[in-house]
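Asker: One-letter residues, chain by chain:
Number of protein chains: 2
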Amino acid sequence: MSNLKIGLFGYGCVGQGLYEVLLKSKNIKAEISSICVKQKNKKRNIDTSIFSYNKWDILNNPDIDVVVELIDDAEEAFSIVSESLKRGKAVVTANKKMIAENFRALIQLQETYQTPVLYEAAVCGSIPIIRTLEEYYNTDYIQNISGIFNGTSNYILTQTQQQGKNYEEALHAAKIAGFAESNPTLDVEGFDSKFKLTILLNHTFGLSVLPKQVLNSGIQNLNKTDTLFATRFGYQIKLLAQAYKTDKGVAAFVLPHLLRNTHSFFHIYNEFNAVQVEGIFNNKQLLTGKGAGGFPTAAAVISDLSSLIKNYKYPYNKLKQNDLHLDNSETIAIYLRYNKKEIMNQLKFEKIYSQFEQENHTYCIGEISIKEIIKADINKNKEVFIASIELPLYQGSDLPVKTEQILSIH
Amino acid sequence: MSNLKIGLFGYGCVGQGLYEVLLKSKNIKAEISSICVKQKNKKRNIDTSIFSYNKWDILNNPDIDVVVELIDDAEEAFSIVSESLKRGKAVVTANKKMIAENFRALIQLQETYQTPVLYEAAVCGSIPIIRTLEEYYNTDYIQNISGIFNGTSNYILTQTQQQGKNYEEALHAAKIAGFAESNPTLDVEGFDSKFKLTILLNHTFGLSVLPKQVLNSGIQNLNKTDTLFATRFGYQIKLLAQAYKTDKGVAAFVLPHLLRNTHSFFHIYNEFNAVQVEGIFNNKQLLTGKGAGGFPTAAAVISDLSSLIKNYKYPYNKLKQNDLHLDNSETIAIYLRYNKKEIMNQLKFEKIYSQFEQENHTYCIGEISIKEIIKADINKNKEVFIASIELPLYQGSDLPVKTEQILSIH
Chain A
1 MSNLKIGLFG YGCVGQGLYE VLLKSKNIKA EISSICVKQK NKKRNIDTSI
51 FSYNKWDILN NPDIDVVVEL IDDAEEAFSI VSESLKRGKA VVTANKKMIA
101 ENFRALIQLQ ETYQTPVLYE AAVCGSIPII RTLEEYYNTD YIQNISGIFN
151 GTSNYILTQT QQQGKNYEEA LHAAKIAGFA ESNPTLDVEG FDSKFKLTIL
201 LNHTFGLSVL PKQVLNSGIQ NLNKTDTLFA TRFGYQIKLL AQAYKTDKGV
251 AAFVLPHLLR NTHSFFHIYN EFNAVQVEGI FNNKQLLTGK GAGGFPTAAA
301 VISDLSSLIK NYKYPYNKLK QNDLHLDNSE TIAIYLRYNK KEIMNQLKFE
351 KIYSQFEQEN HTYCIGEISI KEIIKADINK NKEVFIASIE LPLYQGSDLP
401 VKTEQILSIH
Chain B
1 MSNLKIGLFG YGCVGQGLYE VLLKSKNIKA EISSICVKQK NKKRNIDTSI
51 FSYNKWDILN NPDIDVVVEL IDDAEEAFSI VSESLKRGKA VVTANKKMIA
101 ENFRALIQLQ ETYQTPVLYE AAVCGSIPII RTLEEYYNTD YIQNISGIFN
151 GTSNYILTQT QQQGKNYEEA LHAAKIAGFA ESNPTLDVEG FDSKFKLTIL
201 LNHTFGLSVL PKQVLNSGIQ NLNKTDTLFA TRFGYQIKLL AQAYKTDKGV
251 AAFVLPHLLR NTHSFFHIYN EFNAVQVEGI FNNKQLLTGK GAGGFPTAAA
301 VISDLSSLIK NYKYPYNKLK QNDLHLDNSE TIAIYLRYNK KEIMNQLKFE
351 KIYSQFEQEN HTYCIGEISI KEIIKADINK NKEVFIASIE LPLYQGSDLP
401 VKTEQILSIH
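Going down the list, the protein sequences come from chains A and B.
All residue numbers for the first sequence refer to the working numbering, where the first residue is 1 and numbers rise by one.
All residue numbers for the second sequence refer to the working numbering, where the first residue is 1 and numbers rise by one.
It should be emphasised that the hints constitute simulated quantities derived from the structure, not laboratory data.
Treat each hint with caution, since some may be false.
Each pair may be met inside one copy or between any two copies, as identical chains are not told apart.
SDA-like, lysine to any residue: derived pairs with alpha carbons at most 20 Å apart [unchecked claim]:
1. K38 to L59
2. K341 to Y353
3. K29 to P315
4. K382 to G88
5. K175 to D247
6. K248 to G206
7. K26 to N283
8. K26 to Y316
Assemble the whole structure, with the sequences as input and the hints as a guide.
Answerer: Right under this line is the structure:
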């Protein structure tokens, strides 16, 4: 068989990783024919004759079989992917935002033009979660999927909890270490995790929703009192994406989560990602690995390329089977730390287990529906930190707070 | 499509789990037509009209499409599997010993009769490692695979290290908890792990060897001084199956391993299994889940059944690509605790870092080739405990042994 000819869009850290891996590979019959980039004058580490500055050079090149899309701009990415599929060019992409926001359209395009799109690299880098969900968990027993989908946030949270840094210091450390971008909003506010969760909802439950329908709040407002609270009660804070079946459908959300050392994610530190799939019969399955970085993501792209060589496409069986709906009426237990009392009027709690007020730490633990949190548009409010929480609390022996209020929870 | 008709061999805990899961499933088009068991007079929890006591009832029944083989006896299992394939009946089996010992023959039978055998349930129960290796890690970048493949041993080791039990007490606890059989030899002496490792060598490196070529030693001789030593130096002891590329091929062995809290397996406790795959580009991938038990194993069988419905068979690409050999000349670092000095003459160490002698604890830390350990036939020797070890040692502050000898290691 002749080599697969790749047209590559984007030559950032993943693109460069891919280029290097393909050069070194023996068993992958694929080569990069052309690389389309935006900036003509940027210094490149390889012979520049391979670069093109016009997307149509690749899209209209009949010799190119596969387009690998690794650019940032989701809108432009969708345009490139659509035009590729229309021309019968298979696509491998790592663009989670583009996929999440255009999932139904991508299904439609794949059907219409009988050309596949693979995107393992878009969710948790090198962890083969999409393939596993499609090929292995193809029965109707999955109850629950959750994960640490964002390495940047997990790195920051590890720094706050292990090194005693505050949020700003930890964010700075993440930037120095190359794990956070100059504008970290998508990562730290839970959007990146939400895009990935939205994609996985399709592959886990056959549930197609738009990212904007799904609750996300992040770690950007975490302060030292939150970290202290977590430590005192034996918790770690992780930014989790969670989805599980309810009586009415599927609850799905991205929130910081206070979890104990019995939780599978307790020991997932730094830039590592993890996904847990829980079924009725298979118990808990945990997959862990590096979620980002040039080589891990390139490795996922390579796996997709070699699957394309074998004519693989996602079967999307669950989309055909299920009629589950997003259940934002689900009630969840949360920890809410706030400065101004007004927030307690804004958020309609169903139960309040405990309210605690001290000079520098005012918080409430209670139950509230997902849709009430969405309504309060909490991401815009700099004065609150909200996290889901494992209850009940257990009191530590060195607890410096008024314990009778905490104990009222039990 | 009409339902897949299953002939089931064996009705132990996995068989019963499978029966129950299939009854409850909506999306799996498969049903159990007949169950072949040995004992006619045993009390059964379902209508006995489904049972047969003669294997040919199933093998010669043209209505049965698939044979699910879940019996203990490896020899009889291979006979059932061979006869099934000869009759064009696809096979799902969980019999690791049978598969490991007959791997090449099973490949041959599958080719000759163009009928697949799937066996995800044979390795780490519900963890989809074989499928992942076949479908996802299909490139030539895997450097290393290792795992906790035996839940019984891991449960026992957890009991010794967390509860302070000695080996016999921990084994008893494992029996009470249903994790150890009355004769635990295969589990605790590393044979079960070795069968699984032997199977995975084919799917990881395209390397086919017989189990008897691979070193295994287990935890059966573990005593309190070993546990104490591990704890003092910050180790945990886990029974690991390990395989990695060397200059000359692939080193593979099953040994207890002294690992530190930076190791991915440090927090894998009790009956849990874990597999780690390490590649040049994808970094470390860890899969964790319950490795045994009726439902987890049945879940793996179900996944294989639904793959059969989609005409899936293992591509075995690596077997076609690679010409790697088993490298038993590889040298590994070990901890050896012994009673009689003769063992030190028997085992030809390449380097000795430290020898320590005290009334109740005599041990040596050094480097030795795998083939020298095999030659010493250490499993038969009740007076030694051998484990691979992460070096260098770090001294604990409360070390009660003669430290100058330990420190000579650095």
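Asker: Against each hint, give a clear statement of whether it holds in the structure.
Answerer: Checked hints:
Taking CA atoms no more than 20 Å apart as the test, K38 paired with L59 passes inside one copy only; the shortest distance there is 15 Å, against 64 Å between copies. In the homo-oligomer, the alpha carbons of K341 and Y353 lie at most 20 Å apart inside one protomer (17 Å), although the nearest pairing across protomers, at 65 Å, exceeds that limit. For the identical chains of this complex, K29 and P315 are inter-copy neighbours only, at 17 Å across copies versus 24 Å inside a copy, given an alpha-carbon limit of 20 Å. Taking identical chains as interchangeable, the C-alpha atoms of K382 and G88 are never at most 20 Å apart, the minima being 47 Å within one chain and 66 Å between chains.
When the C-alpha separation of K175 and D247 is checked against a cutoff of 20 Å, the pair qualifies neither within a copy, at 42 Å, nor between copies, at 38 Å. Within a single copy, K248 and G206 get their C-alpha atoms as close as 15 Å, which meets the 20 Å cut-off; across copies the closest is 47 Å, which misses it. In this assembly of identical chains, the alpha carbons of K26 and N283 lie at most 20 Å apart only when taken from different copies (19 Å versus 38 Å within one copy). For the identical chains of this complex, K26 and Y316 are inter-copy neighbours only, at 17 Å across copies versus 31 Å inside a copy, given an alpha-carbon limit of 20 Å.
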